[in-house]
Amino acid sequence: MPGSHVVGEAAVRAGCRYYFGYPITPQNELPEYLSGRLLQVGGTFIQAESEIASINMVLGASVAGGRVMTSSSSPGIALKQEGISYMAGQELPAVVVNMMRGGPGLGNIAPSAADYFQATRGGGHGDYRTPVLAPAGCQELAELTFVAFDLADAYRTPVMILGDGLMGQVMEPVVFPDFIDPKDLPKKDWILDGCKGREARAIYSMLLGQKGELYYHNVHLQEKYDQITAKEQRWETKYTDDAELIAVAYGTAARIAESAIEDLRQEGMAAGLFRPITLWPYPKATLRDLARDGRKVAVFELSLGQMVEDVVLSVGERAEIYFYGIPGGLIPTPAEVAEFLRSAAKGDEKVGRRIEV
Amino acid sequence: MNAEVAYKKVFGRPESLKPNPTHYCPGCGHSIAHRLVAECLDEMGLREKTIGVPPVGCAVLAYNYFNFDMVEAPHGRALAVATGVKRVRPDSFVLTYQGDGDLAAIGTAETIHAANRGERISTIFINNAIYGMTGGQMAPTTLLGQHATTAPGGRDARLHGRPIDISAMIALCEGVVYVERCALTSFKYIRRAKKAIKKAYQCQLDDLGFSLVELLSPCPTNWKLSAADAWNWINNEMVKTYPLGVIKDTTGYEDKK
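Just so you know, the protein sequences line up as chains P and X, in that order.
Positions 1 to 357 (our numbering) are the ones given, in order, by the first sequence.
Positions 358 to 614 (our numbering) are the ones given, in order, by the second sequence.
Derived from the structure by calculation, the hints contain no laboratory data.
Since we're looking at a predicted model, the values are computed, not measured.
Backbone N, C-alpha and C define an ideal beta-carbon position, used for all residues, glycine too.
Fair warning: there could be bad hints in the mix.
Computed footprint of chain X on chain P; a stretch qualifies when at least three of its residues, placed anywhere within it, have a C-beta under 8 angstroms from a C-beta of chain X [what the hints assert, rightly or not]: (1) 50-59; (2) 65-74; (3) 79-91; (4) 189-203.
30 angstroms max Cα-Cα, derived DSSO-like pairs, lysine-lysine [stated by the list, open to error]: (5) X:Lys555 / X:Lys597; (6) P:Lys196 / X:Lys366; (7) X:Lys375 / P:Lys187; (8) P:Lys196 / X:Lys545; (9) X:Lys406 / P:Lys187; (10) X:Lys555 / X:Lys375; (11) X:Lys605 / X:Lys406; (12) X:Lys545 / X:Lys365; (13) X:Lys545 / X:Lys555; (14) P:Lys196 / X:Lys375; (15) X:Lys406 / X:Lys597; (16) X:Lys375 / P:Lys211; (17) X:Lys552 / X:Lys375; (18) X:Lys366 / X:Lys597; (19) X:Lys365 / X:Lys597; (20) P:Lys196 / X:Lys551; (21) P:Lys183 / P:Lys211; (22) X:Lys551 / X:Lys581; (23) X:Lys551 / X:Lys597; (24) P:Lys183 / X:Lys406; (25) X:Lys555 / P:Lys196; (26) P:Lys187 / P:Lys238; (27) P:Lys238 / P:Lys183; (28) X:Lys551 / X:Lys605; (29) X:Lys613 / X:Lys551; (30) P:Lys231 / P:Lys188; (31) P:Lys196 / P:Lys183; (32) X:Lys365 / X:Lys552; (33) X:Lys406 / P:Lys196; (34) X:Lys545 / X:Lys605; (35) X:Lys613 / X:Lys555; (36) X:Lys375 / X:Lys551; (37) X:Lys581 / P:Lys196; (38) X:Lys406 / X:Lys581; (39) X:Lys375 / P:Lys188; (40) X:Lys406 / P:Lys188.
Make a model of the complete structure from these sequences and hints.
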């Protein structure tokens, strides 16, 4: 199954019954899949008039209690950021999938990972955070789609799945988690379903009051983000126990780095991989610990250097940090990444460069 | 004679309105429009199944006054939000309450496409030809020659474009079953508006399609007129650009009678 269909099928199995989106390459296979699949399970699919309309339909479906998602690609996600900010402020759960493409502007439709800042630094306005899950491969896409819906509901927040155009189109076998019947999901006691037998409810993010209402709302949101940071960090390590060099990469870049490391291991080089799965919250303490004892850290991204800032924040001056990035539109081979890792191990900067902290 | 016999309550606050004083200026049409929306919900027994979406604009705080479930939408997106609500809860009664800037400028796309999809939503459209909340800037519906803080010297067709008639535009869409323009500027007109709002609600209950009632509404503060002059200005000037009456009606309700 191609990755885009995997997300769609996993969403349906996770109890999602509502999808609103607008076509953009390279993620059209996902809405195409759901346009038929959701009808089979009694759900609703609307191809909206814009990304802006679709994220606001998501907002409405969420406030009414539905498990709901939307998807897009980089410039389309930019258009959704206003709605994502509102949903963060109104504490409304939803899953937003970004299959990243090259930018800035229209860029191109080839895979890229240049939306790290957009995803992890908010993108929209205001003091808020969006949990971001970065799968590497179809099996993890399926599993993390379930996780995304559960996190969204548990913390009443929009959650982003950050993939790329390659991941959306690559075909891999998948074992799906079991079906969840939406009726079996935990009841939400905050939704709008008509005020029969209770006080009327309003859900809003504008807090004009003179008694610090907005201040306390932001403090409440921050407490939630602190809780997510403490409890929800995810990562994977490979060959790190005896590693002298720790490669750091996520998503598709991590798959390429993993192949490179396997080749380097055959050559006898002690390289390992640290792959963050949650990009926010970033697994800082784990990476910091891995960067001990004079190990070198080598960051590889499908961008010109975005996640590397979180690596710097995690590692600081504890280790030498090297960076190698390829901007949108090109996918390097494992051999090229292996070349970078060899160079980083030697510290000669022939491929990539040293990051001064 | 005891009090029960001597006094009969003939007028009161609709249950669909909370007992809160509003922030609206003296002479503003929102208070009348709120009351009509609420009275119609009460009389049709809809309050407990209603989910409303207010605009961004002067009525952004409508949830402080309406006594039913409400969700805030970003500026202009009320009909997209309402679409999401209605698709999840088809048995709920879903209404949007939007001003001209919200519905006919920044939210034009959401308005036209929700209408064209024939969403089972009833929309109350407040047209006061000005941006009230932000302090009197030109609205998409500002009349030619009308002064606004961003149209000094009055709106000019060549410079600013002509006022938009969004109600007539959406009437072209197949999914729209009922559009009427009313005014809040005489007792007769207000009664007519109430009838129109009830009919728009009925379209949704009967699963016919999208319905909209446009209400020409006074803004004495930003028009810099007295309340009485603001009523007169609507009745004498505004109706020339926005004539009152039914713009579209494919409900067949009158035929059935």
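- Message: Tell me if the straight-line CA distance from Lys613 (chain X) to Lys555 (chain X) falls inside 30 angstroms.
- Response: The given pair, whose Cα atoms are some 17 angstroms apart, holds under the 30 angstroms limit.
- Message: What's the verdict on Lys375 (chain X) and Lys188 (chain P), does the C-alpha distance respect the 30 angstroms limit or exceed it?
- Response: Within the cut-off at roughly 25 angstroms; holds.
- Query: Given the proposed pairing of Lys552 (chain X) with Lys375 (chain X), does the C-alpha separation stay at or below 30 angstroms?
  - Reply: 22 angstroms, holds
- For the pair we were handed, Lys183 (chain P) and Lys406 (chain X), check the Cα-Cα distance against 30 angstroms. 21 angstroms, holds
- Query: Against chain X, does the region 189-203 of chain P show at least 3 residues with beta-carbon separation below 8 angstroms?
  - Reply: holds (count 10)
- Decide if the proposed pair is consistent with the structure: Lys406 (chain X) and Lys196 (chain P), CA atoms, cutoff 30 angstroms inclusive. Holds, at roughly 7 angstroms.
- Message: Does Lys605 (chain X) sit within 30 angstroms of Lys551 (chain X), going by the straight-line distance between their CA atoms?
- Response: 17 angstroms, holds
- Message: For Lys605 (chain X) and Lys406 (chain X), compute the direct alpha-carbon distance and say whether it is at most 30 angstroms.
- Response: 27 angstroms, holds
- Task: For the pair we were handed, Lys581 (chain X) and Lys196 (chain P), check the Cα-Cα distance against 30 angstroms.
- Result: 43 angstroms, violated
- Taken at face value, is the distance from the CA of Lys238 (chain P) to the CA of Lys187 (chain P) at most 30 angstroms? Violated, at roughly 39 angstroms.
- Task: Take the C-alpha atoms of Lys366 (chain X) and Lys597 (chain X), compute the straight-line distance between them, and say whether it is at most 30 angstroms.
- Result: 40 angstroms, violated
- Message: Tell me if the straight-line CA distance from Lys365 (chain X) to Lys597 (chain X) falls inside 30 angstroms.
- Response: Answer violated: Lys365 (chain X) to Lys597 (chain X) is near 43 angstroms, above 30 angstroms.
Violation of the numbered hints given earlier is confined to hints 8, 15, 18, 19, 21, 26, 27, 37 and 38; the remaining hints are satisfied by the structure.
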